[in-house]
Amino acid sequence: MMNQRDILSTIEMIDQQHLDIRTVTMGISLLSCSDENVSAACDNIYDKICRYAGSLVRTCEEIEAEFGIPIVNKRISVTPIALVAAASETEDYVPFALALDRAAKACGVNFIGGYSALVQKGMTLADRKLIRAIPEALSVTDLVCSSVNVGSTKAGINMDAVAMLGRVIKDTAEKTADRDAIGCAKLVVFCNAVEDNPFMAGAFHGVGEAEKVINVGVSGPGVVHHALQVVKGAPFDVVAETVKKTAFRITRMGQLVAAEASQRLDTPFGIVDLSLAPTPAVGDSVARILEEMGLETCGTHGTTAALALLNDAVKKGGVMASSSVGGLSGAFIPVSEDEGMIAAAQSGTLTIDKLEAMTCVCSVGLDMIAVPGDTPAETISAIIADEAAIGMVNSKTTAVRLLPAPGKKAGDRIELGGLLGSAPVMPVHPEGSVAFIARGGRIPAPLQSLKN
Amino acid sequence: MNAIVTVIGKDRVGIIAAVCIKLAGLNINVLDISQTIMQGKFTMIMAVDVSEATVSFSEIRDALSDLGKEMDLSIRIQREEIFNAMHSI
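So the protein lines, in turn, are chains A and B. Heads up, the first sequence is in our numbering, so the first residue is 1 and it goes up one at a time. Heads up, the second sequence is in our numbering, so the first residue is 1 and it goes up one at a time.
These are calculated hints, taken from the structure and not from any lab test. One or more of the hints may lead you astray.
Said to hold, decoys possible - Taking CB as the label site, the calculated pair distances span: (1) B:R12 to A:G407: 32 to 38 Å; (2) B:V30 to A:D43: 28 to 34 Å; (3) B:S74 to A:G122: 57 to 63 Å; (4) B:L26 to A:D412: 54 to 60 Å; (5) A:E296 to B:M38: 50 to 56 Å; (6) A:G418 to B:V55: 30 to 36 Å; (7) B:G14 to A:Q229: 50 to 56 Å; (8) A:T349 to B:G14: 52 to 58 Å; (9) B:L26 to A:E296: 51 to 57 Å.
Bear in mind the structure is a predicted one, so any value in this text is a computation, not a measurement. C-beta: ideal position from N, C-alpha, C; glycine also.
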């Protein structure tokens with residue numbers, strides 16, 4: 001018979017500490033769906049997704065029932081659509097988004113990601129058309145998520161794309177103004193995007209990936225927080241060890257579910273992403289973990305160090321627990337999706353500048369941050385450039401997901417609902433970056449040696 | 001296939017009997033039982049074999065959870081692999 005205490009501790013983690021599988025994401029290659037004719041291409045896309053992912057939700061529900069562990073999201077990621085759509089003779093790429101949306105609804109998944117373009121070095125005609133279509137595509141669909149990779153450590157930063165995306169984000173906000181700019185919650189701008197990320201809005205199925213694949217994202221900020229409450233006042237070595245052990249357990253569960261889903265869906269297992277992904281629920285916050293380490297409020301001095309320790313310990317604990325760790329792995333710091341971050345931003349302690357510093361050591365970037373509706377497109381582009389530069393120089397993934405909610409001013413609040421949460425509108429610097437963004441061109445890739 | 005049934009709640013007469021009758025009705029064999037009072041709460045952990053069960057796993061889960069509601073207890077069943085995965089290397 002197994003250890004009683006172990007059994008009860010697992011149940012307590014699930015019941016009281018919000019332990020869950022955050023997402024099972026099926027990656028599907030759509031490269032075979034290209035067609036000169038747009039509607040034929042869209043039919044191919046719809047048919048292939050439904051064929052591969054038709055039983056995804058049902059299978060996940062069976063696994064949930066048998067293991068007693070909630071799988072919060074079931075999702076699909078596809079080949080960046082700019083690659084699939086390139087063969088079609090059309091100027092309008094919105095129909096591709098509609099096809100994805102229809103397929104996602106038919107399969108019953110929560111989101112579908114991959115309305116994407118990879119333009120870190122340059123833009124093809126198809127990339128341009130896709131980026132131009134993003135605001136419309138995100139406003140006429142419900143489940144489609146979009147991402148654009150504008151930089152990488154190897155290629156540098158495509159500043160023409162950065163300039164375009166500032167405007168795209170503004171237009172997307174305008175088109176979904178009636179819903180507090182929710183379209184922007186489905187659009188991520190990356191530097192060093194990963195090809196096997198199971199989390200939205202940035203998931204897409206990279207071209208180096210297999211025909212189809214199962215990627216799993218685990219979560220569990222509440223479990224880590226609870227474990228740290230037991231070691232109050234202990235030195236940081238103990239904190240790091242505690243986080244590692246907890247991350248190991250969480251990831252083992254993710255690995256089990258991933259293996260099970262992969263077998264039942266007859267789809268190769270890809271990766272387990274061991275990210276601490278918060279939700280707006282109390283007790284499921286990354287900010288509260290940082291505060292548990294001894295910070296009065298997340299965002300005060302010491303926050304970056306605390307986050308660095310957390311991010312690293314999560315990876316170290318998880319790496320041994322899974323046969324293949326990937327995606328973004330670490331700690332996410334989305335403001336609107338984290339009850340502690342929301343409180344810290346509301347109190348004024350957590351600012352965009354501090355968040356930018358935190359992104360140097362967290363697993364992604366400036367995430368789910370509401371900014372004033374009158375923020376100029378160039379300022380948004382400049383924020384993207386800053387964030388991409390951090391990713392490019394440090395060889396890590398960074399991302400920007402900003403919501404310039406029309407009509408909202410600093411101190412107001414936007415409500416997105418569900419896992420997307422709500423966010424206080426945070427001020428940005430009023431001094432412009434217009435001439436900086438107007439330059440365009442490319443910021444060259446950084447030297448990766450002679451680092452002294 | 002082995003699974004773990006956990007029953008947690010306020011102690012009263014007949015909990016073990018009721019759970020065992022329900023399991024027997026579904027042709028589920030009990031392999032091991034341990035029961036204790038933890039922090040004032042009745043806590044029972046049973047290892048069971050569901051391979052000969054007459055209904056599907058989700059139906060077993062629903063039947064036990066309904067019994068739990070009737071008796072004001074939390075009763076759940078989970079495949080044992082999840083506990084092995086999390087607590088042993």
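To see whether the hints hold, each was checked on the structure:
Between R12 of chain B and G407 of chain A the beta carbons are some 58 Å apart, a value that contradicts the proposed interval 32 to 38 Å. Against the hinted window of 28 to 34 Å, the Cβ-Cβ separation of V30 of chain B and D43 of chain A comes to about 54 Å, which falls outside the hint. Remark: the range hint 57 to 63 Å for S74 of chain B to G122 of chain A is upheld by a beta-carbon distance near 58 Å. Checked against the hint of 54 to 60 Å, the pair L26 of chain B and D412 of chain A passes, with Cβ atoms roughly 56 Å apart.
Checked against the hint of 50 to 56 Å, the pair E296 of chain A and M38 of chain B fails, with Cβ atoms roughly 35 Å apart. Look at G418 of chain A against V55 of chain B: about 34 Å separates their beta carbons, and that is inside 30 to 36 Å. Look at G14 of chain B against Q229 of chain A: about 37 Å separates their beta carbons, and that is not inside 50 to 56 Å. A hinted range of 52 to 58 Å for the beta carbons of T349 of chain A and G14 of chain B is consistent with their spacing of about 55 Å.
Taking 51 to 57 Å as the suggested C-beta distance range, the pair L26 of chain B and E296 of chain A conforms, at roughly 54 Å.
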